[in-house]
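Colleague: Sequence:
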Amino acid sequence: MRNAGLEETQAGIKIAGRNINNLRYADDTTLMVESEEELKSLLMKVKVDSENVGLKLNIQKTKIMASSPITSWEIDGETVETVSDFTFLGSKITADGDCSHEIKRCLLLGRKVMTNLDSIFKSRDVTLPTKVCLVKAMVFP
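Adding 11 to a residue's 1-based position in the sequence shown gives its number in my numbering.
Simulated from the structure, these hints should not be mistaken for lab results.
As the structure is a computational prediction, the values presented were derived from the model and not from experiment.
For every residue, glycine included, the Cβ atom is placed at its ideal position computed from N, Cα and C.
Be a bit skeptical, because a hint or two may be false.
[Unchecked claim] DEER-style ranges, computed between Cβ atoms:
#1 D107 <-> K25: 19 to 25 Å
#2 I86 <-> R35: 29 to 35 Å
#3 C110 <-> K67: 18 to 24 Å
#4 S130 <-> K25: 46 to 52 Å
#5 L128 <-> T41: 30 to 36 Å
Given these sequences and hints, build the entire structure.
Modeller: What follows is the structure, encoded as structure tokens:
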């Protein structure tokens, strides 16, 4: 997958003047395009390139999320599920771009860390600079 040639493909979205069409981490790949036709083209490229190196695209794990309605898809006779959100590297991505869920999640994680550090903050044995370093490292990484 690493050398699937996705970077040479014109399909994708423009971010800061650069064409971006995929996000990858370990064995997960997220494809990003502006049209259904681009997605079909890019997905088929990934499928063919994967098969060329002995890998098979798992249709059950393949999902499509679109910001506008799309037709149902089939690959090799199997229907690809359409979703309204998915989790990528622990962050919830939604079709409508709503990030309130992610903001709440981050605030809750910060609050949990602060609660766990409460005894250290109340300790007179720990200096203020050390407490500040802990907050910077654990709450605002």
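Colleague: Using the Cβ atoms, figure out if D107 sits within 19 to 25 Å of K25.
Modeller: 20 Å, holds
Colleague: Using the beta carbons of L128 and T41, state whether their distance is inside 30 to 36 Å or not.
Modeller: 34 Å, holds
Colleague: Are C110 and K67 spaced within 18 to 24 Å by their CB atoms?
Modeller: 34 Å, violated
Colleague: Okay, I86 versus R35 on CB: inside 29 to 35 Å?
Modeller: 20 Å, violated
Colleague: Go ahead and decide if the range 46 to 52 Å is satisfied by the Cβ distance of S130 to K25.
Modeller: 49 Å, holds
Violated hints, in rising order: 2 and 3; the structure is consistent with all others.
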